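Enquirer: Residue numbers (the working numbering), protein chains in the order written: chain R, 1 to 81; chain U, 1 to 198.
No wet-lab data here; the hints were simulated from the structure.
Don't take every hint at face value.
[Unchecked claim] Here are a few chain R residues that face chain U, going by a calculated C-beta distance under 8 Å:
(1) THR34
(2) VAL36
(3) ILE39
(4) PHE55
Since we're looking at a predicted model, the values are computed, not measured.
Using N, Cα and C, we set each Cβ at its ideal position, and we do this for glycine too.
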Amino acid sequence: MTRRLSSDRSHHGGSEVGDQRRGLTVIVALAVMTIVEYIFAVALDSPAALVVILFAVAVVKAWFIVMYFMHLPLVWQGEEA
Amino acid sequence: MATATPAAASQAAHAHEPHDEVKKVRMNRLGLWLFFFSDALVFALLFSARFYMNGTEVDPHISQVLGLGITSVLLLSSYTAYRGETAIHHGNIAHGRLMLLLTILLGIAFFAGVVVEWSIAEFTISEGYGTSFFSMTGMHAGHVASGVILLWIAWRKAGKGYYDGGGLKAYGVSGVVMYWHFVDVVWVFFYPALYLLK
Numbered sequence: 001m002t003r004r005l006s007s008d009r010s011h012h013g014g015s016e017v018g019d020q021r022r023g024l025t026v027i028v029a030l031a032v033m034t035i036v037e038y039i040f041a042v043a044l045d046s047p048a049a050l051v052v053i054l055f056a057v058a059v060v061k062a063w064f065i066v067m068y069f070m071h072l073p074l075v076w077q078g079e080e081a
Numbered sequence: 001m002a003t004a005t006p007a008a009a010s011q012a013a014h015a016h017e018p019h020d021e022v023k024k025v026r027m028n029r030l031g032l033w034l035f036f037f038s039d040a041l042v043f044a045l046l047f048s049a050r051f052y053m054n055g056t057e058v059d060p061h062i063s064q065v066l067g068l069g070i071t072s073v074l075l076l077s078s079y080t081a082y083r084g085e086t087a088i089h090h091g092n093i094a095h096g097r098l099m100l101l102l103t104i105l106l107g108i109a110f111f112a113g114v115v116v117e118w119s120i121a122e123f124t125i126s127e128g129y130g131t132s133f134f135s136m137t138g139m140h141a142g143h144v145a146s147g148v149i150l151l152w153i154a155w156r157k158a159g160k161g162y163y164d165g166g167g168l169k170a171y172g173v174s175g176v177v178m179y180w181h182f183v184d185v186v187w188v189f190f191y192p193a194l195y196l197l198k
């Protein structure tokens with residue numbers, strides 16, 4: 001999924017339907033990762049392992065938001081006219 | 001020696017407009033990211049202070065259901081904000097405004113959830129975990145409140161035709177929605193730090 005998303009332009013580069021579909025893919029990924037976080041928090045008893053896992057997942061979630069919702073690549077790629 | 005007529009001068013000036021507009025939006029975007037970076041440092045200080053004062057301990061009485069609920073609401077609001085921004089960028093103003101309105105309502109729901117959380121908390125601000133919890137959620141809720149106000153301004157301006165045609169004209173909406181996503185990114189780290197650790 002990440003490879004397919006990366007090959008697209010990150011900011012409204014295609015049709016409206018295509019852009020909306022990309023947003024849906026990202027939000028589903030974020031929802032799944034949030035559920036995974038919650039399950040780990042309930043199931044794991046080791047605080048150290050929990051810290052590592054939860055913040056690894058949080059970094060991935062933040063990366064998705066920054067790259068696809070906040071359009072970070074546009075800072076160096078520039079705007080389309 | 002030929003001198004430029006007013007019409008030719010105007011034509012020459014207009015020839016530079018798209019380029020100038022692109023440059024302006026690019027600078028605005030860079031400035032916004034610099035703001036995010038500086039604001040993120042404030043949140044990072046609160047985040048590190050939480051671990052310095054309390055280790056990984058979380059108050060056992062904190063409501064996990066409410067925590068997961070408000071996290072889901074904020075996550076969903078990021079999606080509606082993205083949909084609103086995308087629709088307005090493509091010139092679909094009506095759908096964009098609907099999505100912005102939905103984002104505002106979800107933002108208010110998140111804020112209300114935090115207020116409920118504060119009112120039922122079984123710890124006080126003078127306790128170690130309470131100090132972290134109230135300062136982190138308080139600072140974050142302040143950003144949510146300002147984000148809701150900014151979204152409302154964008155929603156009103158969209159209704160008045162400021163973003164008609166989309167494209168670069170809609171950068172105002174993009175800036176506000178980026179701010180909203182930034183608030184979401186902060187919560188992505190605050191949620192496990194305040195609710196899920198042991």
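Enquirer: All the hints need checking, so say for each whether the structure fits it.
Expert: Evaluation of the provided hints:
1. THR34: The hint holds - R/THR34 has a Cβ within 8 Å of chain U, the shortest such distance being about 6 Å.
2. VAL36: Hint violated; R/VAL36 Cβ to chain U Cβ min 11 Å, cut 8 Å.
3. ILE39: violated (10 Å)
4. PHE55: Status holds, d = 7 Å.
Violation of the numbered hints given earlier is confined to hints 2, 3; the remaining hints are satisfied by the structure.
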